[in-house]
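Just so you know, the protein sequences line up as chains G and L, in that order.
Start counting the first sequence at 124; every next residue gets the next number (this note's numbering).
Start counting the second sequence at 84; every next residue gets the next number (this note's numbering).
These are calculated hints, taken from the structure and not from any lab test.
Don't take every hint at face value.
To give a feel for the contact side, a few chain L residues facing chain G, derived at Cβ under 10 Å [claimed, not checked]:
1. A85
2. V87
3. T96
4. Y118
5. G125
6. L126
7. Y131
8. Q133
9. C175
10. A176
11. G189
12. E190
13. G191
Chain L is nowhere near these chain G residues, computed Cβ spacing over 12 Å in every case [stated by the list, open to error]:
14. H168
15. R177
16. R185
17. D215
18. P235
No more than 30 Å apart at the CA atoms, straight line, and that leaves these computed lysine-lysine pairs for DSS-like [as the list claims (entries may be wrong)]:
19. L:K94 with G:K222
20. G:K193 with L:K94
21. G:K149 with L:K140
Each residue gets a CB set at the ideal place from its N, CA and C atoms; glycine is no exception.
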Amino acid sequence: SQQGEEDPQALSIQEGENATMNCSYKTSINNLQWYRQNSGRGLVHLILIRSNEREKHSGRLRVTLDTSKKSSSLLITASRAADTASYFCATDAYFGNEKLTFGTGTRLTIIP
Amino acid sequence: GAGVSQSPSNKVTEKGKDVELRCDPISGHTALYWYRQSLGQGLEFLIYFQGNSAPDKSGLPSDRFSAERTGGSVSTLTIQRTQQEDSAVYLCASRAGPNTGELFFGEGSRLTVL
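Could you put together the complete structure from these sequences and hints?
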């Protein structure tokens, strides 16, 4: 079963707008990561947020983490056509369970 | 090597045949993962290797699936008596160690079982 569940499953926005994707998970975590996957390719790491952090920024990416609600969000600001991809969250449990578990993904389409 | 390398990139086989998929992780990475991704779906965990520890095989879907990692480096995922439902992209990833954060993925091996 999936640890993480992203929503929405699919999102289409105009270029320049902001895109927000959400991830919910079920068990306690050590950290949460976001990955991007272009069609037919492997996944690429975007950002990692630790369980004791609430917000993190990297370029046009902003990630928040609410451990009380077991949820995270990924915000991409000023979207570009090249941001079109699938985005996955992944959770790393505490030591003793390094089975990094991925969510179902959000398919983001940026309309030029 | 510079990145995670997987081979073959594409494999078409007939139902009932055995297949082997290879993963060459980043040099020095002790953690290696195999995932399966069906068309348009998320990643399904298959197996995890960490150093010389016994692998976590909890995600292998049946006893037709097995994997080994020789010398703590290259890994081979073997699927025996392939079925059509085994058709998917098999992704390999490695990272420096347990709970060290970022996974580095290969480009995957696309398996099609006719």
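Hint check results:
| no. | hint | verdict |
| --- | --- | --- |
| 1 | A85 | 14 Å, violated |
| 2 | V87 | 8 Å, holds |
| 3 | T96 | 20 Å, violated |
| 4 | Y118 | 7 Å, holds |
| 5 | G125 | 4 Å, holds |
| 6 | L126 | 4 Å, holds |
| 7 | Y131 | 6 Å, holds |
| 8 | Q133 | 6 Å, holds |
| 9 | C175 | 9 Å, holds |
| 10 | A176 | 8 Å, holds |
| 11 | G189 | 5 Å, holds |
| 12 | E190 | 5 Å, holds |
| 13 | G191 | 6 Å, holds |
| 14 | H168 | 4 Å, violated |
| 15 | R177 | 18 Å, holds |
| 16 | R185 | 18 Å, holds |
| 17 | D215 | 6 Å, violated |
| 18 | P235 | 23 Å, holds |
| 19 | L:K94 with G:K222 | 27 Å, holds |
| 20 | G:K193 with L:K94 | 39 Å, violated |
| 21 | G:K149 with L:K140 | 21 Å, holds |
Violation of the numbered hints given earlier is confined to hints 1, 3, 14, 17, 20; the remaining hints are satisfied by the structure.
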